[in-house]
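The task is to assemble the complex, starting from two chains supplied on their own in separate frames and drawing on the hints.
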Amino acid sequence: MTADRPRVAVTGLGLVTPLGHDAPSTWRALLAGRSGVAPITLFDAGGFPVRIAAEVKGFDPRLRIDDRRLLQLAGRAHGFALVAADEALADAGIRPDAASASRWGCVVGSGMLGVEFSGLVDFHSRYAPQGELEPERLFAPQAPRLDPIAFQRSHPSTGLALLLERFGIRGHAASVHTACASGGQAIGMGLELIRRGVCDRVLAGGFDSMVSPVGLGGFCLLGALSPDNRAPERASRPFDRSRNGFVLGEGAGFVVLEEWRAARARRATIYAELAGQGSSLTGYRITDPHPSGDGPIQAMRRALADARAVPGELDYVNAHGTSTPMNDRSECAALHTVLGPEAARVAVSSTKSSMGHLISAAGAVEAALCALAIRDSLLPVNANLAARDPECDLSFVEGEPRPLRVRLALSNSFGFGGSNSCLALRRPEDARP
Amino acid sequence: MSERVVVTGMGAICASGDRPEAIWAEIVGRRSSLGPIRQWETAGLEVPYAGEVAGFDPASLVTERKAHKLLRRGDFLGLYAAGASLRGSCLLEHRAGLARERAAELDERTGVFVASGGVGYQHQHDFLPLLTAAGGDLQRFGRELDGEVSPLWLLQSLPNNVLCHLGIQTGFRGPNACITAHGASGGLAAAEGLAAIRSGEAERAVVVGHDAPIEPQAIRELDDLGLLGRDVLRPFDAWRGGTLLGEGAAALVLESEAIARERGAAVLGELLGSGCAAEAEGLLAVRDDGDGPARAISAALADAELGRDEIGMIVAHGSGTRQGDLSEALALRSVFGDAVPPVTAFKWAFGHTLAAAGALDLVLAILALHAGCAPGIATLRELDADCAGLPASPDTRPACGDCALVLARGFAGLNVALVVQAPGPGF
Numbered sequence: 231m232t233a234d235r236p237r238v239a240v241t242g243l244g245l246v247t248p249l250g251h252d253a254p255s256t257w258r259a260l261l262a263g264r265s266g267v268a269p270i271t272l273f274d275a276g277g278f279p280v281r282i283a284a285e286v287k288g289f290d291p292r293l294r295i296d297d298r299r300l301l302q303l304a305g306r307a308h309g310f311a312l313v314a315a316d317e318a319l320a321d322a323g324i325r326p327d328a329a330s331a332s333r334w335g336c337v338v339g340s341g342m343l344g345v346e347f348s349g350l351v352d353f354h355s356r357y358a359p360q361g362e363l364e365p366e367r368l369f370a371p372q373a374p375r376l377d378p379i380a381f382q383r384s385h386p387s388t389g390l391a392l393l394l395e396r397f398g399i400r401g402h403a404a405s406v407h408t409a410c411a412s413g414g415q416a417i418g419m420g421l422e423l424i425r426r427g428v429c430d431r432v433l434a435g436g437f438d439s440m441v442s443p444v445g446l447g448g449f450c451l452l453g454a455l456s457p458d459n460r461a462p463e464r465a466s467r468p469f470d471r472s473r474n475g476f477v478l479g480e481g482a483g484f485v486v487l488e489e490w491r492a493a494r495a496r497r498a499t500i501y502a503e504l505a506g507q508g509s510s511l512t513g514y515r516i517t518d519p520h521p522s523g524d525g526p527i528q529a530m531r532r533a534l535a536d537a538r539a540v541p542g543e544l545d546y547v548n549a550h551g552t553s554t555p556m557n558d559r560s561e562c563a564a565l566h567t568v569l570g571p572e573a574a575r576v577a578v579s580s581t582k583s584s585m586g587h588l589i590s591a592a593g594a595v596e597a598a599l600c601a602l603a604i605r606d607s608l609l610p611v612n613a614n615l616a617a618r619d620p621e622c623d624l625s626f627v628e629g630e631p632r633p634l635r636v637r638l639a640l641s642n643s644f645g646f647g648g649s650n651s652c653l654a655l656r657r658p659e660d661a662r663p
Numbered sequence: 371m372s373e374r375v376v377v378t379g380m381g382a383i384c385a386s387g388d389r390p391e392a393i394w395a396e397i398v399g400r401r402s403s404l405g406p407i408r409q410w411e412t413a414g415l416e417v418p419y420a421g422e423v424a425g426f427d428p429a430s431l432v433t434e435r436k437a438h439k440l441l442r443r444g445d446f447l448g449l450y451a452a453g454a455s456l457r458g459s460c461l462l463e464h465r466a467g468l469a470r471e472r473a474a475e476l477d478e479r480t481g482v483f484v485a486s487g488g489v490g491y492q493h494q495h496d497f498l499p500l501l502t503a504a505g506g507d508l509q510r511f512g513r514e515l516d517g518e519v520s521p522l523w524l525l526q527s528l529p530n531n532v533l534c535h536l537g538i539q540t541g542f543r544g545p546n547a548c549i550t551a552h553g554a555s556g557g558l559a560a561a562e563g564l565a566a567i568r569s570g571e572a573e574r575a576v577v578v579g580h581d582a583p584i585e586p587q588a589i590r591e592l593d594d595l596g597l598l599g600r601d602v603l604r605p606f607d608a609w610r611g612g613t614l615l616g617e618g619a620a621a622l623v624l625e626s627e628a629i630a631r632e633r634g635a636a637v638l639g640e641l642l643g644s645g646c647a648a649e650a651e652g653l654l655a656v657r658d659d660g661d662g663p664a665r666a667i668s669a670a671l672a673d674a675e676l677g678r679d680e681i682g683m684i685v686a687h688g689s690g691t692r693q694g695d696l697s698e699a700l701a702l703r704s705v706f707g708d709a710v711p712p713v714t715a716f717k718w719a720f721g722h723t724l725a726a727a728g729a730l731d732l733v734l735a736i737l738a739l740h741a742g743c744a745p746g747i748a749t750l751r752e753l754d755a756d757c758a759g760l761p762a763s764p765d766t767r768p769a770c771g772d773c774a775l776v777l778a779r780g781f782a783g784l785n786v787a788l789v790v791q792a793p794g795p796g797f
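The listed protein sequences derive, respectively, from chains A and B. Our numbering numbers the first residue of the first sequence as 231 and each following residue consecutively. Our numbering numbers the first residue of the second sequence as 371 and each following residue consecutively.
Chain B with its partners taken away, still in its complex shape (with noise of 0.2 Å):
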């Protein structure tokens, strides 16, 4: 019998807000935090909306100003929600009544599994001065690397940064990974956290996705592909336009249940199971059927040992794009025939926020389980005719169960599926 997992603390930030309870209420309001972007200039040309974390702050999001030369943007937020959640699970004062050689042991034990957004178009244009310096001569390139790179280029630029600082900051010694996924990332740190709780490498783990895609050549980008919607993110809508970016960062403490009951932590969830399947079509490609979320949540739900009527609401991945919404919808009704139970997706409010997705999905699902309920897709007006029949409103309604599910999915046709369960009585 393998452990059960737990989740006992959570952080969350992205454009709705910068506490997991502050952007459920954004949701439940029906407020989209998309707006023009703002964190660089526009020259006033039309550039699809963002979803940007309000006053970003390095100072306020990390205390540790010793670390901050060598941070990016999606860094702080990483950091800043591992460290809320860490917060909320009150490990660390758990450890600060341990004994030495206990405390030891429980940085020994404890994992650290980061979803990461990787090496962003940014970093690389640091090297923009230099080029210009060089005028097109490399040897002048080689002679003017010092005077026009910082000497911290490579540091600030590696993906693995939350992992390093997290495990500075904290100690955490146990076994790790930083997942770079694409949108899948966040959905399969919290498998690999899972995994490592049940198979006894770890005793507990902390869990973080962050990404900062807010980039002027990303959405260049990913706008000329055709994958971007101009102002409103609708989900499942007949008129829908595309996805829109969001930054933002979240994170999970999972411990087993034992060590959780033993030092007396409060239970926020549950997490029951995983899957992860690839369509292996190319970078970009979605396969119309859905086959690929199909089997991930297939082989979630058999991992979770849950029958599909269990599963009392739909976290959809739901990110606009007309394929991947039409492709998830006719996923749920391969998995769930007509009895697909409530669905939602988060995304219309801040955004796609790519490789923190998956994990800011899950974060948000717990909470609409302790609330009991799907909360609406405010910006869903017109269901679109080919995802007839998918239960996803713009109004809130009542779940049908205390487990839900949740899906991420990212370039490389990656599709994860995520099983997690309101804590019951007995916690």
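The shape of chain A in the complex, shown without the other chains (with noise of 0.2 Å):
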């Protein structure tokens, strides 16, 4: 760690959450207390354990992406993932042109279900109509051949493919996947672009849709989630003794992070520094995070220690806070342990209370509504925190929106497999030289 390491500035957002499908309608909706959780509509989920999910409702992705044939090729997220992306460039005031395509980069944590699940439907009845799959269809030299759309709109690399055809980004660009860790790390991956100095601006972020009977079906497998359909609104409730399980959200969020300087010198608008970030391993068990909070507690001690920062100026933390049992009472125990005595002051919420869990893009969302938050001196509150479990003891944000100048934010993400990310925002002004 050299000491003139570049720091990276945040100058646009974008989301496209249950919530609203821009930056501000998202967070007002945030602000206001709605709910962004309710029956499943996208598909009839009535014979699923589980009938409710946060959908992004109403969504057309035309309405802002001018391209036909880019969007015949997108699926559901990537839709989702073209919208925020291009409300982040265009709040940034900036976009790749010819001569600086190359120094753009761009890193995006996707989700893990590409197959469209019409296209699964399709697949059965053309070539394995008994459950199983029958070669001498497939490989039929009568066989009509595949659609190569639906090809396209199912490949685990589309969303980058289309995210760099689509705003001419010709950098450094990787996907990545580490379950609900992915948009984190994405984002702690362009930071670092721009440290090396392999680009000036990265476009970072995430997104996912698994609200489809494939995905729904694997975490109602799992019993991963809140099976409380009769109150949509208030299945998920993290840090709450009666917490039963996280709802399934969808959405995507972008950044677009820009080297420090070159965002002063062209007068840009800085929502946060991104002074940071830290990534870890736990080890441990596949979906159960270790009671102690091992794991996450290196991830946030590794971006205060990268932001160069203390728990003492810290301010607010967006937690993972999925609203299962065992993971909000590990990650209380983490905080404990990472922020000792300033664990009392330092003001926590879980936005999944509201929006309830975007997987893939959770992480990148919750880092945008820290650089919100920052920008308004305005927290998020941690919704539905009826009866506080005993075991949580931090100072959640409950009832309204608190009120509080902002120093510094933390981003938590803590995925499946046991991958940790945890991000640093720094209030501009604070930024230091």
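Since the hints were made in silico from the structure, they are not lab data. As the structure is a computational prediction, the values presented were derived from the model and not from experiment. Don't take every hint at face value.
Unchecked claim - Label pairs and their computed distance ranges (CB to CB):
1. B:Gln509 - A:Ser355: 17 to 27 Å
2. B:Ser704 - A:Arg264: 50 to 60 Å
3. B:Lys436 - A:Pro269: 37 to 47 Å
Cβ coordinates follow ideal geometry from the N, Cα and C atoms, glycine included.
As structure tokens, then:
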């Protein structure tokens, strides 16, 4: 770590969430205390044990992306990504052009499920009507060619490909997946690309949609979701004593990261300094966090050290706070270990209480919310905290958004598989030379 | 001055063998391991050849039996290669000899960077029996989930499974990532490991690339797109007919030079630099002019602080597709002019292993540097006239220096270049 490493500014935000189709409407709805959780409408979930989710409602990417050919190749989550990324670039007031394209990077946390359910149903009826793939049907010389558009819509690299093509980004590019940590890790990698001098600007974020029969089915089988079908708005209640699982959400979040002096030179509005990132591996169990918070502890400590900050400067933590019994308790233990006596002061909320868990998009969306909290000196609530778990003893933002001048905020994201991400965002006027 | 980064352990498995040296022997012996697919029923139909791991045996690949029910074919390969690279590096033996706090510190300072093929078609095909049972009724689909699909389905399908299980097996707790960027992934994972050590975020990193893409639907899709050949993969050949898929994995233990020296580790090579460039023209498009690979190569040379005349050998991506090989040849010519060093490629022997390819080619490039030669591309018969002047040959030629440039390319127009050096007398 050299003393003169480049600083990195967050100069643009874009969101597509269950609370709104852009960052301003998402932020307003969040501050107004609205919930994005409701009965599932995207398909008939009547037979599933869980029938609620935080869907992006009434979404039409054509309203923002005027390229029908491109959108034809985009699955639902790719549409979220294109729209949120376009908003982030518009918000930053800068886009790649021929001269700068190779100095722009793009890192995305992309969801694990590519194949759309309709594609799977189609494949089943053609090649596996009895439930087992019949190669003689698939490879029959007279079998019709497969649809190249369906292939593209379902390929794991399509989200990244569409973003690069649409916005003309030609430098370092990658897609990553560490389950629920994906979006946070993508932004952390974007930060490092600018520090290394590989890029001047990076479009970084995450996108996901698992609100499908296969995605919902996968989580139902694991028993990870809240089964509170009758009270959808109350179902996601991180840190509450009665919490019983997370609520599946969908959406996208993107930020524009920019080398600090370049951002200042063009008089960009700077939301925050992306001051540090911490990445760690838990190595305990696949879905369960370590009860002590081992793993998340290192991610937060690394993010603070990377930001050259101490817990005394920290004012807000956007918690991973999934509303599962294990995660929330373990995250609280980790926060106590990292913050020590400051734990009584530092404000904490999980915005998953309002918008559900956006899986690969969650870390990116929540980092953007931290930037908005810094800008407006206003902390979003941890909704549905009726009876706090006595084991979760932190200063939660309850009831109403809390006015507070935030010097430093952390955004936590911990994934199935044990990858942990923590991002540190600093108030721009507090950024150090 | 950033840290120098050396390679202290390597493991690999693919159709050509289950150790780097065994794979190398097949390549210099000019033997291709591509053949008819055996892991699923082809019903006597004409299906493109592929590079399958012979005698695939989960129990011998991953001894940790508890994990077996959570792993897929590609995960077994990745964990096997990672284990082999760790054994080669003697890192775990070194840790065992440390005091407890020092061992814990080693774990905290060891990163893991995995390149993964992501969720294959077969993961989602696990839902095919349920679709039949449901008979088109989505409510029944929901009600009968429990009986038809494994409760562990989601955990078996995580793209980051190798990262997860390697963390559990080793206790390494450092910075990590799982790259899911198709054929560029292996190169990107190595680049991330290099960067993490240089910045001081980690002292060492395990880099793994793994993929098992030989799936019926994938073969059919890629064939329909015109990307697959039939039975021979001929990089840069006038009559090349496309690529062929392979499965495999490779892993490298990277360490800061200082820390490797301190523990007396044997150094196999030094990773000098990396570069990445995107072409931004869609999922499948490849520019004709080689713009992307040319910029990736230039970036890697600059990162390595090397002149182009210091590269002794090129390990090309050489996947055997019309446009891929041609654009790569043009990129090499645009960077190296008339002085392109000997060009080799390895996919002809074991197929295109997609997310594993960059890591596998990096491991083999190090062996090529040890041997001081660019092995011949055995299937190359007649160099494509459009690649005229490219020093790719069916015959083995001496390398003209102790550094190799390795290329990895993937969908979304991604191009990664890595520069690696043979260990000098100083090691």
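Tested hints:
At roughly 18 Å, the beta-carbon separation of B:Gln509 and A:Ser355 lies within the given 17 to 27 Å, and the hint holds. Roughly 55 Å separates the CB atoms of B:Ser704 and A:Arg264, a value that falls within the hinted 50 to 60 Å. With their beta carbons about 39 Å apart, B:Lys436 and A:Pro269 fall inside the hinted range of 37 to 47 Å.
Consistency with the previously given hints is maintained throughout, with no hint failing.
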